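Reassemble the complex: the two chains are provided individually, in unrelated frames, and hints are given to aid placement.
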Amino acid sequence: MKAIILAAGEGLRCRPLTLTRSKVMLPVANKPILEHVINSLEENGVKDIILVIGYEKERIMDYFEDGLNFGVNIKYVEQKAQVGTAHAIKQAKKLIGPDDTRFLVLNGDNLVEARTIADLLSNCEGDASLLTVKMEETEGYGVVLTEGKKVKQILEKRPGDVSRIVNTGIYVFTPQVFETIEKTPISEYGEYAITDTLQLMIDEGKTITAVPTDSKWLDAVHAWDLLKANSIVLNAATETVTEGKLEDNVVTKGKVSVGKNTKIRSGTYIVGPVIIGENCDIGPNVVILSSTTIGDNVSIRPFTEIQNSIIMNDCRISSHCCVSNSIIGSNNTLGSYFVAEEKENLEINMNGVIHNAPKLGTIVGDDNNIGCRVLVKAGVTIAVDCQIESGKTLYRHLPRSSVVL
Amino acid sequence: MCGIVGYAGEKPATPMLIESLKKLEYRGYDSAGITVQNEKLETYKTVGKIVNLEAELPENLGGNVGIGHTRWATHGRPSTVNSHPHTSGNEAKISVVHNGIIENYMKLKERLVEEGYEFKSETDTEVIAHLLHRQVYGSPEACEKQFDLLTGLRKALAEIEGSYAIGALSSDEPGKLFVARKDSPLVIGLGNGENFAASDVTAFLNHTRDVIYVNDFEMAILTPKTVEVYDLDGNPLERRVEKIEWNIEAAEKAGYEHFMLKEIHEQVNSIHNTLAGKISELEGDIFLEDLNMSEKEIRWLSRVQVLACGTSWNAGLLGKYLFEQLAGIHSDIDVCSEYRYRNPVMDERTLAIAITQSGETADTLAAVRGIKSYYCPTLSVTNVVGSTITRETDSIIYTRAGPEIGVAATKTFTAQLTVLYLLAMKFAQLRGKVSPDYVKDFIVQMRKIPGQIQQILNRKETIKECAETFADAKSYFFLGRNLNYPVALEGALKLKEISYIHAEGFAAGELKHGPIALLDEKTPVVAIATRGHTYEKMLSNIKEVKARDAVVIAVADAEDTEIAKYVDVVLRIPSTDELLAPILSTVVLQLLAYYTALARDCSIDKPRNLAKSVTVE
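Here the protein sequences line up with chains A and B, keeping their order.
In this text, residue positions in the first sequence follow the working numbering: the first is 1, and each later residue adds one.
In this text, residue positions in the second sequence follow the working numbering: the first is 1001, and each later residue adds one.
Rather than coming from a laboratory, the hints here were simulated on the basis of the structure.
Honestly, I wouldn't trust all of these hints.
[Claimed, not checked] Chain A stretches covered by chain B per the calculated footprint, using a threshold of three residues with CB under 8 Å from any CB of chain B:
hint : region
1    : 48-60
2    : 259-266
3    : 288-300
[Claimed, not checked] Pairs of lysine to aspartate or glutamate, EDC-like flavour, derived with a Cα cap of 20 Å:
hint : chain 1 : residue 1 : chain 2 : residue 2
4    : A       : K57       : B       : E1465
5    : A       : K260      : B       : E1281
6    : A       : K245      : B       : E1289
7    : A       : K75       : B       : E1019
8    : A       : K94       : B       : E1257
9    : B       : K1182     : B       : E1159
10   : A       : K260      : B       : D1285
11   : A       : K57       : B       : E1257
12   : A       : K260      : B       : E1289
13   : B       : K1120     : B       : D1030
14   : A       : K260      : B       : D1290
15   : A       : K245      : B       : E1283
16   : A       : K75       : B       : E1257
17   : A       : K57       : B       : E1461
18   : A       : K93       : A       : D127
19   : A       : K80       : B       : E1461
20   : B       : K1464     : A       : E58
21   : A       : K260      : B       : E1283
22   : A       : K245      : B       : D1285
23   : A       : K255      : A       : E243
24   : A       : K245      : B       : E1281
25   : A       : K80       : B       : E1465
26   : A       : K228      : A       : E341
27   : B       : K1464     : A       : E56
28   : A       : K80       : B       : E1257
29   : A       : K216      : A       : E42
Computed from a prediction, not measured in an experiment: that's the story for all the values here.
In this text, a Cβ means the ideal position worked out from N, Cα and C, and glycines have one as well.
Pulled out of the complex, with its shape left as it was, chain B reads as follows (with noise of 0.2 Å):
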């Protein structure tokens, strides 16, 4: 999980390239570093977030062309050498960005060795410098360029297995940036008399809203005032251009001290997003138009195969639920890492549905693509906008949350919960297993969301004072039944990520079955006891856990008067239907979360050892 820039324009290459690492550190940050094109390559890393890189740059650094990486390592641990670029050749001939896994680096590495290339750092991207001086070069001590660098970039990836986004700079030819993509994502901005290249357009999109998305096996050339697309074997490429709707300053924080905190309170908008034009209340009717599947289609289904991963997987498991208890359609949900490399059992008859927040996650692309020989139809639920998954899969729904900068999701979280539920209501309706009645109902207390969410925001001090309380606890566990289990799984997971407490998520059921003998006094519970089928369940559950000393958190609905008596702190949600609780009690324990850290000091949309998107596998 890496980022990776590029800039070829007229303008010093330094600050943009600061610019664009900074809008990208979201992707990783354990160490950075740039090359600028001068009469020589110059490259200057370190270990650290951007600011730290910044100090060490000489001022008035020259160049107009240069690359520049943010890391999160994989391969090697994070110091100075092991930090991209990588340079090979006397005086630093080539030099290499790279996002992704080259998998037989190892093979490459002694062959290149044998040929007497000198490895400086342990990782895998250093293969792909040194591949190219020998491809472009011949040999370590040549100086004389045999092939110019697009052939030698050709030549290289064609020995190269893996993944890869690749940014390259020569000192031979001055003025170009070569860049090329495999399985990692790669996003070209189209300027005035500059032209740009990343990760993700966020990294440009303060100087330019056109883009083209590179493909896989595609290369180019970027030049002040050209942009090339070629395929692997060199013929030229006409790619459309493409304008970026959204605006930048959706991706900065806008006064707000954490971009969590900006982005729990967008969900109140990110939902009336996600539900604008897509349900009619008078009618009873629900409208998903990407949904890329017929009436018959769907009633021909025989079970949902839900594919995710981290907190998209939490959404899952309440799709998975929700399409058993709604739809009557068998469904199984699994993490996409074991997934891929079990031997998954799929039919025509049965729906992958992949849910990823950037569309980008590598294990779950991978599992995607494993399944598509079972002619199984897919359907994707991302949040981005011509990302990867979304050419993968036949039909695709948006989440239209805005981009989330934050590394722990929140508000992508609850339009995934919401986009779920649609199609799981939908489906109900298609199948028959619902009434008009039911479906209406459903949809007035579904409008009502967004407003609920802005009453809990409103009220959001007691949480605060509730997470201040408990801010010194070791650990936290966190209890839910039904549909409130996969929330408290998604509360536990907002807990450990951020606040770096010890924190589970457990069916409440399971709890006597062992993890019970881990209570004592000083571990809060949080009990997620919204009214429904399973409350009484809950309330039994709560009580046993009072038994042992422990302190209960609840969150209950707000005419709840009964759930006072057994627990020590009510938190409550304006009352909904018991479909719909898990968004709001979401939420408050997002805020939980975010109170927890902030009491704690933590770096709250920085956790350490975590990722944005995990484009690795």
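Chain A on its own, in the form it takes in the complex (with noise of 0.2 Å):
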């Protein structure tokens, strides 16, 4: 069976870590979610994928290249604009060919299991199915309704409390869909949604499935969910490497990975679970606390204090920095005594709507270069390409190329 994998929309709400990436490249214990969701259906033995790209689409062609060291074959095609599901779908077509009964089609920026996979495939029937979970707090989410197996009617992200039956976006479809994809109409939103195709098929007579899941779906709705999935990622994570060098008196407690040419110098404490990439020159004496991962190419100098964070690619922290509950982008440069204030149960305005963060410190996007002794108060973000002069506190979110004199 193939998978068309949706990756080409940007992830507005996990700003500004997506202003240079898309939401499927946002890393989850040091890999692209959209690389745990192919694994997943590598493991299902779903081997042909086609990934529908659009915003930034490089990062995810440079990574992924053409799937062979991900153990799949990779098909490319382009959503040039980003009016849709279904329009998005749609691209695809061309690569189903006749031989193709079903296929499956996921959205790249959320994380599955194989098991959850397993479980609609083994239960698909019908003209489409489509994979449920059980959610409590519905908000942001389609939800659907059903009678039995069948499904009835989907809302899209509607307010109230219709049903807690949510849509994971994983379907299985028969190549029919793409003649009711041409019909389908523009929504109010200005889109082609892939959920008005199935409430069209429904109006029609079509047997959609309802696949009902225990296994794991996440969603990383905005940019701080992705520490707690993170945290859960790393927690369920079985196997450990090293491959880097530590050197002598170097603590490590729990599961900690080590990758390449990466040295741990002495007197650095760490505690697991823990991801350190490749290339990475650490300590002496740094401590690393637990839901952490580190990218590739880091550097962190003596008395740094890093627990549940995401740090990526190219980055240096200096010395006597506390980073705690933050993400931070790639190739940024952090001053000593660095410092991400972090509180609980923050309210982030993002363009005047207000959402609830549990636990924060900070969010940094890429390419930013901060001088020595900053401080972020808690919940405040930064974008990309900034450059703040030592001893500045941020008392407000930082547009893009700012400068902070």
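This is the structure in structure tokens:
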């Protein structure tokens, strides 16, 4: 069976991290979310993958290439304008052949387990099947109304307490769906949504099966949700590898993985689960605490403490920094004594809408240069390409290319 | 410059040969052809790319053994008769493909014509076909073979002077493919029930990773089940089977429209890979384990001679500056095609550094071979493991950039620069020319480079807009001083290679000694004006240019607030050490060239008249 993965959108709510890459490329347990999706497909024997790409597509192509390193065969199609999921699926039509009686469709930005996909594959029937999960809090998700296994109605992101059965956006279709996609009208949000296509199919009397699952399905709606996802996946991991070099007097406890050519210097104390990438230079005397991932080519200087955080590739973190419950994008330089203040139950204003974040420090986009002794107040984010002079305290979100003198 | 392929197996040979030839198209693409062994030898050839050949082929062409060729004309213009394979004898008894140059072909041709052989083409390769026929059958009309083809090949090769990688078939020896090599690349792939031969492993990497590199003066017979290697006296040889580690997918486009853009993007990773394990930030140390020279030998050096061609030469020029500036070693650079015909003066205290991406560049190989009698230490910087240059030099430093398919070199250039930085800094360190502190700061900056390249890629829209604005220019000038001079040359080379705009790179100070006469308001001038001790001088050069009404595009540091006052467009690079700015500026100029060519709708990966690695002299 072939799989179409939708990976063309930006993931607006994960800004500033998605200013330079799409949401599918955000790392969880040191791998892009999309890689987790592809791994789960591969484990189910789904090896022919069509990636629908658009926003910052080069980042995806550079990483996955033709899929050989991931045990799958990837073909790319481009969705030039992001005008909805039905439109995205339509882009892949030419790669679905006459032999493909059924195919999978998934979102590239939701974490799924191999077992989740297996649940759907073994229970799919009718003209289309969709995978559902039960959730207590359904705000922001599409829900379905069912009658037995049959889907009666699909409701997109509607407030209210209509149903707790959430549509995961993972489907099995037959190629006939392309005909209904052609007929799908543009929605009031200006999109061609696959949920509208499904509703059209229901109205035409076709059978849509709801397949429930208890297995893992995680959606990082906002950037800070990545921290939770990161911690869940890290805790569930069973294997650790140590390919790098640990000097004498390095203490590691729990599950700690260290990549190739990475040096962990003497006196460093690491409490897992922690994953550290390749070519890093860490320590001496650095403290890295649980649920932290560190990308490739990162250096961390003495007396810095990092906890429950995601540090992406090519970062330099100087001495005496304190980073916890935070996400630091790629290619950032943090000067000495950088402190990210943290608080619980923050209210974060994004484009005029207030969102609640649990415990959060800061979120920093890519390519920022931050001087020494900079304090970032809890929940304040820094976009990309910013220059911050030493000794500053940041009280407000910094937009792209800001200079703080 | 050509590519040859061969197949002996159980599957139909034609699709295999076509697939392999397509992978080798980068080696040249003005004509192509194949021969397959059926009851007779059947040969098809045509002018143009491999797709043109495919269109010519009849459906269901049988045969399980065959040879193929993609050509880049050296002797004789591109035409169907001049395309390979070349055949000899009535009913084409022998068919030959060849990469290389037969130097004594006129003499051989005259003799063969006297004996009654009829030449159809203007190529040197046809001589091999007739010579083989003569050795095996005795005369043009003869049909009974007197020797087997291996003996014939042995005798024919003894008469040939020059370079060759040959694939040959005989209609009297079904199921066998013959190959031989001298001075041109040739590699055999060992499959399951099938064997391959080609100029480059990419040709068959989809099918096998087990290879034998054929050495000079060796021949081999391939059948579906066996591979036998012989020396030129016909003695069988034991050869080691090696395993290719990189993936074929790395040699494919993976969603990109062009290999060149893919390879520009890959620089983030290729520099990571080149640096991996070679530097330690905290200790401020550089580890070059492949460098086969002792500390004492490095201290004893009095001179470095860099040998290279094309883009590698531009990298080498930066190398020269670095060796002089950092390590205080007198350093020269030469174009190999000139160097080898001069009387190069070398000695035991001069290190020769040969830079070649493919490791097969004929002029570079010849230059290295030419200086061996001086007993000077030699070092090569190359991207291809097991290539010919690695057998010619004392030490090898690999650039580890992965295969590069786009004809215009991008990621291999920046990988070469990376290696030269490490080498020069290592020499400087061992010769006590730099403080440990300086080396450490340098390494810190070096480690930032991959992330900073990504940063340039994140903002490539500005470069694209700039390229589109000036895409209709008739000519382009590139100016740089000191370390930025090689960058100016490389920027100009990239632009002319793929966009066909006339482009020249100049040392900025030379401008007023002549070239300034060419400036007018229609000529964009790219000034590489990153921070450094020549920055002020560069600014006055920019003012000179502006005074002639030319449009100035500056490549400058992110933090430079001054420059925008004097120029029309500023393309920014992230702030880095003065020494390392050339890597980042190069990436900007690569993108400028790419988007210019794209706006002009040029054939970016296969520019006209160019081939990827030049294995002819």
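For each hint, the structure was consulted:
no.	hint	result
1	48-60	holds (count 5)
2	259-266	holds (count 4)
3	288-300	holds (count 3)
4	A:K57 - B:E1465	19 Å, holds
5	A:K260 - B:E1281	16 Å, holds
6	A:K245 - B:E1289	18 Å, holds
7	A:K75 - B:E1019	19 Å, holds
8	A:K94 - B:E1257	18 Å, holds
9	B:K1182 - B:E1159	13 Å, holds
10	A:K260 - B:D1285	18 Å, holds
11	A:K57 - B:E1257	12 Å, holds
12	A:K260 - B:E1289	17 Å, holds
13	B:K1120 - B:D1030	19 Å, holds
14	A:K260 - B:D1290	19 Å, holds
15	A:K245 - B:E1283	15 Å, holds
16	A:K75 - B:E1257	13 Å, holds
17	A:K57 - B:E1461	14 Å, holds
18	A:K93 - A:D127	17 Å, holds
19	A:K80 - B:E1461	16 Å, holds
20	B:K1464 - A:E58	15 Å, holds
21	A:K260 - B:E1283	18 Å, holds
22	A:K245 - B:D1285	16 Å, holds
23	A:K255 - A:E243	14 Å, holds
24	A:K245 - B:E1281	14 Å, holds
25	A:K80 - B:E1465	19 Å, holds
26	A:K228 - A:E341	18 Å, holds
27	B:K1464 - A:E56	15 Å, holds
28	A:K80 - B:E1257	14 Å, holds
29	A:K216 - A:E42	17 Å, holds
Checked against the numbered hints given earlier, the structure satisfies every one of them.
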